[in-house]
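**Student:** These protein sequences, in sequence, are chains Z and Y.
For the first sequence, this note's numbering assigns the number 1 to the initial residue and increments by one for each residue that follows.
For the second sequence, this note's numbering assigns the number 1 to the initial residue and increments by one for each residue that follows.
Honestly, the hints are just simulated from the structure, not real lab data.
Keep in mind that the hints are not guaranteed to be accurate.
Some chain Z residues close to chain Y (C-beta under 10 Å, calculated; not the full set) [claimed, not checked]:
| # | residue |
| --- | --- |
| 1 | 130 |
| 2 | 136 |
| 3 | 198 |
| 4 | 201 |
Taking lysine-lysine and the PhoX-like style, the derived pairs with C-alpha atoms no more than 25 Å apart in a straight line are [said to hold, decoys possible]:
| # | chain 1 | residue 1 | chain 2 | residue 2 |
| --- | --- | --- | --- | --- |
| 5 | Z | 21 | Z | 109 |
| 6 | Y | 231 | Z | 261 |
| 7 | Y | 261 | Z | 231 |
| 8 | Z | 22 | Z | 96 |
| 9 | Z | 153 | Y | 231 |
| 10 | Y | 153 | Z | 261 |
| 11 | Y | 261 | Y | 193 |
| 12 | Z | 193 | Y | 68 |
Yeah, the Cβ is synthetic: ideal placement off N, Cα and C, and Gly gets one too.
Number of protein chains: 2
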Amino acid sequence: MKRIESRDNKWIKRLNGLKIKKNRDKEGLFIAEGLRFIREIPKNWEVLAYAVSNAFAAENDLSLYEEKAEVLCLTDALFAAVCDTENPQGILAVCKKLDWDADAVLAKKTPFLLLAEELNDPGNLGTVIRTADACGADAVFLSKGSVDLYNPKVLRATMGSLFHVPVFQNIDLHALSEKMQAKQIPLYAAHLKGNRYPYALPLQDACAFLIGNEARGLSEDAAALCDAWVKIPMPGQAESLNASVAAGVLLYEVVRQRLPK
Amino acid sequence: MKRIESRDNKWIKRLNGLKIKKNRDKEGLFIAEGLRFIREIPKNWEVLAYAVSNAFAAENDLSLYEEKAEVLCLTDALFAAVCDTENPQGILAVCKKLDWDADAVLAKKTPFLLLAEELNDPGNLGTVIRTADACGADAVFLSKGSVDLYNPKVLRATMGSLFHVPVFQNIDLHALSEKMQAKQIPLYAAHLKGNRYPYALPLQDACAFLIGNEARGLSEDAAALCDAWVKIPMPGQAESLNASVAAGVLLYEVVRQRLPK
């Protein structure tokens, strides 16, 4: 265990640097904060280091962490300063980003995919990934212009699901939709002009759903890539749904149709 | 139109006071911010006053508002200070709270209700109300200990749906469940120990769903009030869903079952 007591230590600078997307991209690293989140890290996922507060180190057995990676022990004040959460739990992990294999996902027998265009709200994006994980989706694809997956608020809202379901960023939706067409994976989107309920779609087969930006909805360009526009019924007076609720309704229709009879 | 240029004006003090629940409760008033939200106010809903910024007054026809209530025109700085949003749109409405009639709701032929126990996240609560509205639910009941419906963040997340669907606060769940039993309205809750999927429930009949706190789930007390525990299938690896997504999945199963064939 390495004790760190100075804010000039290079690890402190590095941890602070990882709060910024540019540095996360350059280093290929991100920070997972909190015990609950860290418990979701799969055994084979590469962790560069753990950082703990003095208080955490005094109360917890660290051998489990030391077996896997270097453990840095920071003064409580230094630890709080490198954390994004207001009431940090005393532990964080510096994780390697993983490069998932998109071709392997598309080559599955009946792929079940979620695509999102320019999702901007960190809470929404994280929740959508968590829902896709719960539903057993095969992957999530995020278009260019979406909020960064490794933004601390996004990570928190995923509740660790980014360790379970492959998420691809900076996706060119045109190029992806061409690949999907070649594999005969139909692309559906909820759209105000939709004329089919999701309940009428053949979702036991391969399927992909495209959801749009929270405020603007889908761009015309992206909507034109779809094989069918779907209408989520709204018998009440609200004119639209929250983006992560709409995604949940669509993804769960796949779950319902695929349940063993 | 009344011009207000001093922060000592009694209206300024009153508007600032309404940021606090205690004052909202005492006055029976709440503040609706922004054009989009204000457009959702039904014609017969009582508005005590509108407040606009000088900039808004210079660019908009206010006669529509003046027909309905007193219009206060604040300096841009004063207006920004009374608003909760960071980039206010220049208009807010001081609305009367409405007392909905719970007995009338319970007396409907096939009521469709949502109950929530101690929902604490303003965004979640607002989203749940918006979803209940979209689904055509007859009412939302909030237990004691929930975040205040008239909290600005809750209001914003409802997107105006609190004007469409009756929402009851400070509900004693025991007393409500007795009334529901008398009316033969079954109460369902998503529960880890649930053994029936929502798809197997008779939701064309009267039905009510109970959802729990975001972090703690349902209390044992509340779970014991239910007629059946329901399992939302999770074929993936996530162990739980975001509270508003879970509510969306349950409420939309009612919509699906009630769709005209």
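**Student:** Hint by hint, say whether it matches the structure.
**Tutor:** Results of checking the hints against the structure:
For residue 130 of chain Z, the suggested interface contact is upheld, since its CB lies about 5 Å from the closest CB of chain Y, less than 10 Å. The restraint placing residue 136 of chain Z at the interface with chain Y holds, with a minimum CB-CB distance near 4 Å, inside the 10 Å limit. The restraint placing residue 198 of chain Z at the interface with chain Y holds, with a minimum CB-CB distance near 9 Å, inside the 10 Å limit. Annotation: residue 201 of chain Z was flagged as interfacial toward chain Y, and the flag is violated, the nearest CB pair being 13 Å apart, outside 10 Å.
Between residue 21 of chain Z and residue 109 of chain Z the alpha-carbon distance is near 35 Å, which puts this suggested pair outside the 25 Å criterion. A C-alpha spacing of about 16 Å is found between residue 231 of chain Y and residue 261 of chain Z, which places the hinted pair at or below 25 Å, so the restraint holds. For a cut-off of 25 Å, the pair hint linking residue 261 of chain Y to residue 231 of chain Z stands: about 16 Å separates their Cα positions. Distance restraint check for residue 22 of chain Z and residue 96 of chain Z: the Cα-Cα separation of roughly 15 Å lies within the 25 Å cut-off, and the hinted pair is therefore satisfied.
Distance hint between residue 153 of chain Z and residue 231 of chain Y is unfulfilled; the C-alpha atoms sit about 28 Å from each other, more than 25 Å. Between residue 153 of chain Y and residue 261 of chain Z the CA atoms are separated by roughly 42 Å; this puts the pair beyond 25 Å, and the hint is violated. Proximity of residue 261 of chain Y to residue 193 of chain Y is assessed by CA-CA distance (about 33 Å); at most 25 Å being required, the pair is judged violated. Distance hint between residue 193 of chain Z and residue 68 of chain Y is unfulfilled; the C-alpha atoms sit about 35 Å from each other, more than 25 Å.
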